[in-house]
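Participant: Read off the chains here:
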Amino acid sequence: MITRGQNFIMHNTGIKIQQKGIYDLKDLLKTIQVFFEEKKYTFQLSETQDKARDKGYELIIGMKSDRDVDDYVRFHIDIHMLIIEMEKVKVKNKNLDRGNMDINFKAYLYLDYKNRWNKNFMSRFLNLIYNNYIIKTKIKTEYERNLYIDLIDLHNLVKERLGLYTHYYGA
Amino acid sequence: MIKKVIVVPSTRFRHVGILDLTEFYRWLKRWLEFNGYWTNSNEKQYIETMLPGGAKKIEFTWECRKQKSPDFTYVIPITFGFIGIKDVEIQRGDKKIKLQRGDFDIRMRAYLEKTGDTGALRELYERYIIKKRIDEYKLDLYDKFYKLIEDMKEFANVYT
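Sequence lines, in order, name chains A and B.
Take the position in the first sequence, starting the count at 1, then add 41; the result is the number in the numbering used here.
Take the position in the second sequence, starting the count at 1, then add 29; the result is the number in the numbering used here.
It should be emphasised that the hints constitute simulated quantities derived from the structure, not laboratory data.
A virtual CB, placed ideally from N, CA and C, is assigned to each residue, including glycine.
One or more of the hints may lead you astray.
In silico lysine to aspartate or glutamate, EDC-like type, Cα no more than 20 Å apart, as pairs [what the hints assert, rightly or not]:
| hint | chain 1 | residue 1 | chain 2 | residue 2 |
| --- | --- | --- | --- | --- |
| 1 | B | Lys173 | A | Glu78 |
| 2 | B | Lys160 | A | Asp111 |
| 3 | A | Lys80 | A | Asp112 |
| 4 | B | Lys115 | A | Asp109 |
| 5 | B | Lys161 | A | Asp109 |
| 6 | A | Lys71 | B | Asp180 |
| 7 | B | Lys95 | B | Glu152 |
| 8 | A | Lys80 | B | Asp164 |
| 9 | B | Lys182 | B | Asp132 |
| 10 | B | Lys182 | A | Glu183 |
| 11 | B | Lys115 | B | Glu52 |
| 12 | A | Lys133 | A | Glu88 |
| 13 | A | Lys105 | B | Glu179 |
| 14 | A | Lys92 | B | Glu179 |
| 15 | A | Lys57 | A | Asp95 |
| 16 | A | Lys92 | B | Asp134 |
| 17 | A | Lys96 | B | Asp132 |
| 18 | A | Lys155 | B | Asp169 |
| 19 | B | Lys176 | A | Asp68 |
| 20 | A | Lys81 | B | Asp132 |
| 21 | A | Lys57 | A | Asp143 |
Footprint (simulated), chain B over chain A, 3 or more residues, beta carbon under 8 Å [claimed, not checked]:
| hint | region |
| --- | --- |
| 22 | 80-87 |
| 23 | 92-106 |
Just chain B, same shape as in the assembly (with noise of 0.2 Å):
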């Protein structure tokens, strides 16, 4: 049986200006792979719509899992929403780069999973015998997370 101990609650991330949207979702991946969350199966769903005056809206969603021991897994589900997303051309020294302008929203969490057996024994064993370890995974989630957030913000060089 599955079970999910929540680790950070749903934290949003909003920055309504300019981003290099495909450089991002390269820089992205490469950061969840060099941490070990990438798979290939990661991205559940990905949907993008053209909307009127040319702009466009794209929403997908990735599952980063990390298998931390044979019982416990770290999950970072992550929901992007970006809308109105239009090319624009920006002169940065002598060369004009084209980058995306609009509304990127990501909406994520973190959880830790587990699997295996249930019941009075088991929890017993996590209560008193491995119990220092789960605060131990708990914590490592914890900041990952928020080095991936923060990293998120330097990328999108958000003002804070």
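Next comes chain A alone, as it looks inside the complex (with noise of 0.2 Å):
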């Protein structure tokens, strides 16, 4: 059953990434807000938070992002980035972190973001007809489907950043 609001693509615990070792944070950041800004995306670093440990540092980052695709469907990407036992290391001269590191991304369709159609309990009802039998599809095949792949393509540049294995889906 697809209601308006918030609609998961995928399991609403996101996907991760995970890796132990060293990386360029800074560029990593940048990377991701030149990603969105790219996608048309509007940045938000909603969160930054950082903890001074007994083994280095702790870290957590909150990105937001959201695109309006039309006037009833928005797309949410938000990132999730913890980052414990973080220190600076130099290598060839170059400054770059060491940590373990987890980055969770979920992301999200927002049906109806300019709520016209909340108003009263008949026009949710024709929502939720809406939803599920006239516009299911489109929601199913165009929406999520283009959502998935640029949430894959941030994932993918995420992962080559860090020097991971990437899967690329698809042709």
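Please assemble the complex out of the two chains, which come individually in their own frames, going by the hints.
Facilitator: Below, the structure written as structure tokens:
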């Protein structure tokens, strides 16, 4: 059943990348921001937390992005990064970072973001019919598919930046 | 009638560790003054509580405003929640300096405040005649907001 509001295109725990090693965090964050800007998403750095621990730093970074596809559908991609035991290292005169990184990606469609179908019980009921019978195919084959492609592109880009194995979907 | 256009939703900046709180307060005030966001009525509340063990809890809220045109104002509300603040002495060179250790949590957002008439004519005016100008205001406020966050990160010398 497709309802108005948040509709996750995969399990709502999202997809994850975990890495333990050396990377350039500033470059990674910049890459993500540029990716969203190129894809015409509105980017927001929603959270930055840093805690000095006995062993290195603990870092939490939250990013939110959204794109209005049309008057009815909005794409959302949220990223949550948790890095523990983080410290600066110098490799070949370059300042890099070392730590255990866990990146979580979540993507969902937000239907009726302008809240036009939330006026009364009747309009909400009509919206349910609209979502599940009239534009169901469009939601499944166009919106969800396009958002999934954006998400996988981003996922692959991050993996590429981290020097991880990438798997390309489709032709 | 006042209408708000959200430019940046709630954003959190948290630093757990050491910070020169007095200098941070002064620096932030100066930054806002320099960028035209500071008036003495900015501080909406200030609460300081002593916690058991000698630590302090400080909460205060600033509503930073900058009038851009007669109808549009940039607004950046900032809520500070500093918990478990304790003085620590640190050796820097041959000097001992007093800094503060604790959990520094700052939440901020940015919006464009519209005042003036409402109605169909005004809506048409905003949608077709001054749309570009409103977009410029939004972009300007967005840039300024993230510049502030970057400068705060630099001041606090946080990891990223």
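Participant: Run every hint past the structure and note whether it holds.
Facilitator: Status of the hints after comparison with the structure:
1. Lys173(B) with Glu78(A): holds, 18 Å
2. Lys160(B) with Asp111(A): holds, 19 Å
3. Lys80(A) with Asp112(A): It holds: about 18 Å lies between the C-alpha atoms, which stays within 20 Å.
4. Lys115(B) with Asp109(A): Not OK: Lys115(B) and Asp109(A) at ~46 Å, beyond 20 Å, violated.
5. Lys161(B) with Asp109(A): holds, 18 Å
6. Lys71(A) with Asp180(B): Holds: Lys71(A) and Asp180(B) sit about 17 Å apart, inside 20 Å.
7. Lys95(B) with Glu152(B): Violated - the C-alpha atoms of Glu152(B) and Lys95(B) are around 23 Å apart, more than 20 Å.
8. Lys80(A) with Asp164(B): holds, 19 Å
9. Lys182(B) with Asp132(B): holds, 14 Å
10. Lys182(B) with Glu183(A): Roughly 40 Å separates the two Cα atoms, so the pair is violated.
11. Lys115(B) with Glu52(B): holds, 15 Å
12. Lys133(A) with Glu88(A): violated, 31 Å
13. Lys105(A) with Glu179(B): holds, 17 Å
14. Lys92(A) with Glu179(B): holds, 17 Å
15. Lys57(A) with Asp95(A): violated, 26 Å
16. Lys92(A) with Asp134(B): Given that 20 Å is the threshold and the Cα spacing comes to 11 Å, the pair holds.
17. Lys96(A) with Asp132(B): The hint holds at about 18 Å.
18. Lys155(A) with Asp169(B): violated, 25 Å
19. Lys176(B) with Asp68(A): holds, 18 Å
20. Lys81(A) with Asp132(B): Between Lys81(A) and Asp132(B) the Cα gap is close to 36 Å, so the pair fails against 20 Å, i.e. violated.
21. Lys57(A) with Asp143(A): holds, 7 Å
22. 80-87: holds (count 3)
23. 92-106: holds (count 8)
Hints 4, 7, 10, 12, 15, 18, 20, counting from the list given before, are not met by this structure.
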